[in-house]
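The listed protein sequences derive, respectively, from chains B and H. Take 1 as the starting number for the first sequence in our numbering and just add one per residue. Take 1 as the starting number for the second sequence in our numbering and just add one per residue.
Keep in mind that the hints were calculated from the coordinates and are not lab data. C-beta atoms are modelled at their ideal positions from N, C-alpha and C, and glycine is treated no differently. Treat the hints with caution; some may be incorrect.
Partial list, computed: chain B residues near chain H (C-beta under 8 Å) [stated by the list, open to error]:
| no. | residue |
| --- | --- |
| 1 | Val103 |
| 2 | Leu107 |
| 3 | Pro143 |
| 4 | Leu153 |
| 5 | Leu155 |
| 6 | Cys323 |
Which bits of chain B does chain H cover? Going by a derived footprint, with three or more residues having C-beta under 8 Å, they are [to be verified]:
| no. | segment |
| --- | --- |
| 7 | 247-255 |
| 8 | 268-281 |
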Amino acid sequence: MIAYFIRRLAGTIPVILMISLLVFLLLHAAPGDPAEMLAGDQASEADILEARARWGLDQPVLVQYWRFLVNALSFDFGRSFRYDEPVMGLIAERFPASLELAVTATLLAIAIGVPLGVWAGSKPNSWVDHVGSIGGFFGISMPNFWLGIMLVLLLAGSLNILPSSGRHTFGVPDDPVTGFLLIDSIIGLNWESFKDAMIYLIMPAFVLGINMTGILMRVTRSSMLETLSEDFIMTARAKGLDERAVIWRHGFRNALILVITVVGLEFGALLSGSIIVETIFSWPGIGNLLLQGLTSRDYPLITGVVIVYTSLFVVVNLIVDLCYAAADPRIRLAK
Amino acid sequence: MPQPIRESVLPNNMSNKLTGDLKPFAWLRRPDWQAPDWKALHKKWRPWLQFKVIAGGGTLTIFVLLAVFASLVAPFDPNRQDLMMAMTEPQYFAGPHFLGTDHVGRDILSRCIHGARVSLVIALSVVVISGAVGVFLGVVSGYFGKTTDFIIQKLVEVMWAFPPLLLAIAVLAFLGQGLAILIMALTLQRWIPFCRVTRANALTLKEREFIVAARSLGATHTRIIMKHLLPNLMQSALVIGTFAMASAIIAEAALSFLGLGVPPSTPTWGGMLADGRTYISTSYWMALFPGVCIFVTVLAINMLGDALRDILDPKLKRSGAR
C-alpha cells in the first residue's frame with residue numbers, strides 16, 4: 001500500500017509540472033505584454049518594471065518559467081490589483097467556504113443518489129426504477145446555473161423559506177476556528193450557528209450536486225443490476241438471508257467501487273460547477289473570487305485561483321485512487 | 001436466325017431484363033413477389049423503437065429544424081429592440097410576443113430559436129473537431145504503442161488533471177474572446193474520452209486475426225488504420241460524440257452565462273439566462289425559457305446517447321464514459 005502511494009505520488013509530479021507550464025504558456029500567449037498585464041491597468045512605469053523583475057520577465061524564457069514555477073509552488077502569485085492584497089491571502093480566506101460547499105454537495109449527492117440507485121437497481125422495471133431512471137436523466141441533463149436561478153426564485157422569492165445568497169446571517173454569533181462554519185459551530189457547540197449555516201448551505205449544495213446525484217443514481221442502479229444477477233447473490237438468497245442483507249451487504253458492497261470512481265471523476269466537474277454556483281448564490285468562495293478576477297482582468301488572481309483549483313483536483317484524484325486501491329487489492333498489485 | 005428467348009424459359013425475375021422493359025411495372029405483378037417480412041424487419045429495428053430514441057431523437061430533430069430555419073420560423077428579428085414593449089409577460093396566443101420580451105423589448109421566443117442555432121453549431125463543431133482529434137490520437141496511440149503511446153497518454157493525463165470548465169475559462173480569460181477561441185477552449189478536454197476509448201478498442205482490435213492477416217499481406221500502417229481499424233471504432237466514437245455534444249451545449253451555455261462566450265449581441269441561451277438573472281425578481285420568463293431550451297435539448301441528447309450506447313456499444317457502460 002505504501003509503495004503504491006509513493007508510486008502514485010511520484011506520478012503527480014510531471015502532471016503538476018505540465019499544468020504550471022500550460023498556465024505559464026497561456027500567460028505568455030495572451031495578447032499584450034505580460035508584465036503590463038500582471039501589473040494591471042493603472043500601473044505606472046515603475047510598477048511595470050517591478051512586475052517585470054518580480055516575475056523575471058526580463059530573463060530568458062526558461063529562467064522565467066523556473067521563476068514562475070518556484071513562485072507557483074510556494075503559492076506566491078503576487079498582488080491582486082483589484083483588491084491590492086496578496087493573492088494567496090485572498091484565496092486562503094475564501095478557500096474554506098468553497099471546500100465546505102463542494103464537500104457538502106458531494107455528500108448530499110451521495111446521500112440522495114446512492115440509496116435511490118440501490119432502490120431502483122434492486123427492483124428492476126418497477127415504478128421506483130422508472131421514476132428513478134427519469135430522475136437520473138433529469139439530474140445529468142440539468143444545467144445547474146439555471147436550476148440555481150429557478151430555485152432562488154421559488155424557494156427564496158415566492159415561498160421565502162430559504163435565504164437566496166450569502167453564507168450566514170449577519171449577527172449570528174460564530175467563532176471562527178477553522179473557517180468551516182459547520183465544523184466551527186460543532187466545535188463551539190453552537191447550535192444556532194450550525195442551523196444558520198445549514199440553512200444557507202443547503203440550496204447551493206443541492207444545486208451544485210445535482211449532476212453528480214443524477215450520475216450516481218444511474219451508475220449505482222446499473223451496477224446493482226449487474227451485481228444482483230451474479231451467482232453469489234443467488235447463493236446468499238438460497239441461504240435464506242434477509243433481502244436487506246443481500247442487497248446492502250452483498251450487492252451494494254460490490255457496487256461501491258464504481259461509486260468511488262464516479263465520485264472522483266465527477267469531483268472535477270463539481271469544482272468547475274462551483275464557480276458558477278458560487279456566483280449565483282454570492283457564496284464567498286474562490287469561484288466567486290475567480291469571476292471577480294475575470295471581470296476586472298486581474299491576471300495574478302486568475303493565475304492563482306486556476307492553480308489552486310487544479311492542485312485541489314489533483315489531490316482529490318490522488319485520494320480517490322488511494323481509496324480505490326484500499327477497496328480493491330487488485331489495483332495496487334497491478335503493474 | 002436466333003431463336004427469341006421465350007419468357008417461360010427464364011426464371012420469372014429475369015424475364016423483364018432480357019426481353020426489354022415493355023411493361024415497366026411488371027415487377028409489381030410478379031408472381032413471386034413477396035410482402036416484406038414485417039416480423040423480421042420489426043425484429044431488426046426493434047432496439048430503435050424505444051421511447052428514448054423516439055422522444056430524444058424527435059425532440060432533437062425539432063430543435064435542429066428550428067435552428068436551421070431560424071430566420072423563417074422566428075416571428076421577430078432576435079435583435080430588434082422595442083423599448084415600449086420591454087419586459088412584456090408571456091402572452092402565449094393572446095399577443096405577438098409568445099414568450100414575452102426582455103429588458104430592451106427583444107422577443108424571447110425569437111431569441112430562443114436563434115439561440116438554438118448558435119448553441120448547436122458551436123456544440124457540433126466542438127464535437128466534430130474533438131472527435132477527429134481524439135479518435136486519431138487514440139488509434140495512433142493504441143496501434144503503434146511504445147513511445148507514441150507513452151507521450152499521448154501523458155498528454156491525456158495532464159489535460160485530464162484540469163477541472164473541465166476551468167481550463168476553458170482560463171483560456172478565454174487569457175486569450176480573449178471569440179468564436180474560434182471558444183470552440184478551441186471547449187475542445188481542449190473533450191477529445192480525451194474519444195482518445196481513451198478508441199485507444200482501448202484499438203489495443204484489442206490490433207491483436208485480431210484480420211489485422212494480422214492484413215499486415216502479413218503487406219498492407220501499410222496507414223491502410224490498416226484507415227481501412228481496418230477506423231470503421232470498427234466508429235460506433236463507440238458516435239456514442240461518445242453524443243454525450244460530448246450534451247456536455248458541450250451545457251459548457252457553452254455556462255461560459256456565455258459568465259460572459260465569456262460569443263459576443264453579447266449574439267443571441268445565446270446562456271447569455272439570455274445571464275440577462276434573465278439580473279431581472280429575476282421582476283420578470284421570471286427571461287430566465288425560465290432559455291433554461292428550458294438548454295435543459296430539454298441536453299435531456300434529448302442524453303436520452304438518445306443512452307439508447308445509442310445500449311444498441312451500438314453496450315461495453316461502454318462499464319468503462320465509466322458517460
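Each hint, compared with the structure:
1. Checking B/Val103 against chain H: minimum C-beta separation of about 15 Å lies over 8 Å; hint violated.
2. Here the hint on B/Leu107 is broken, as its CB sits about 19 Å from the closest CB of chain H, past 8 Å.
3. A least Cβ separation of about 5 Å between B/Pro143 and chain H falls short of the 8 Å threshold, and the interface hint therefore holds.
4. Interface restraint check for B/Leu153: the shortest CB-CB distance to chain H comes to about 6 Å, inside 8 Å, so the restraint holds.
5. For B/Leu155, the shortest C-beta to C-beta distance to chain H is roughly 13 Å, which exceeds 8 Å, and the interface hint is violated.
6. The interface hint given for B/Cys323 is broken, as the beta carbon of that residue sits about 15 Å from the closest beta carbon of chain H, more than 8 Å.
7. As drawn, the segment 247-255 of chain B meets chain H at 0 residues by the rule of a beta-carbon pair under 8 Å; below three, the given contact is violated.
8. Counting residues of the segment 268-281 of chain B whose C-beta lies closer than 8 Å to any C-beta of chain H gives 9; at least three are required, and the coverage claim holds.
Violated hints for the displayed structure, listed by number in ascending order: 1, 2, 5, 6, 7.
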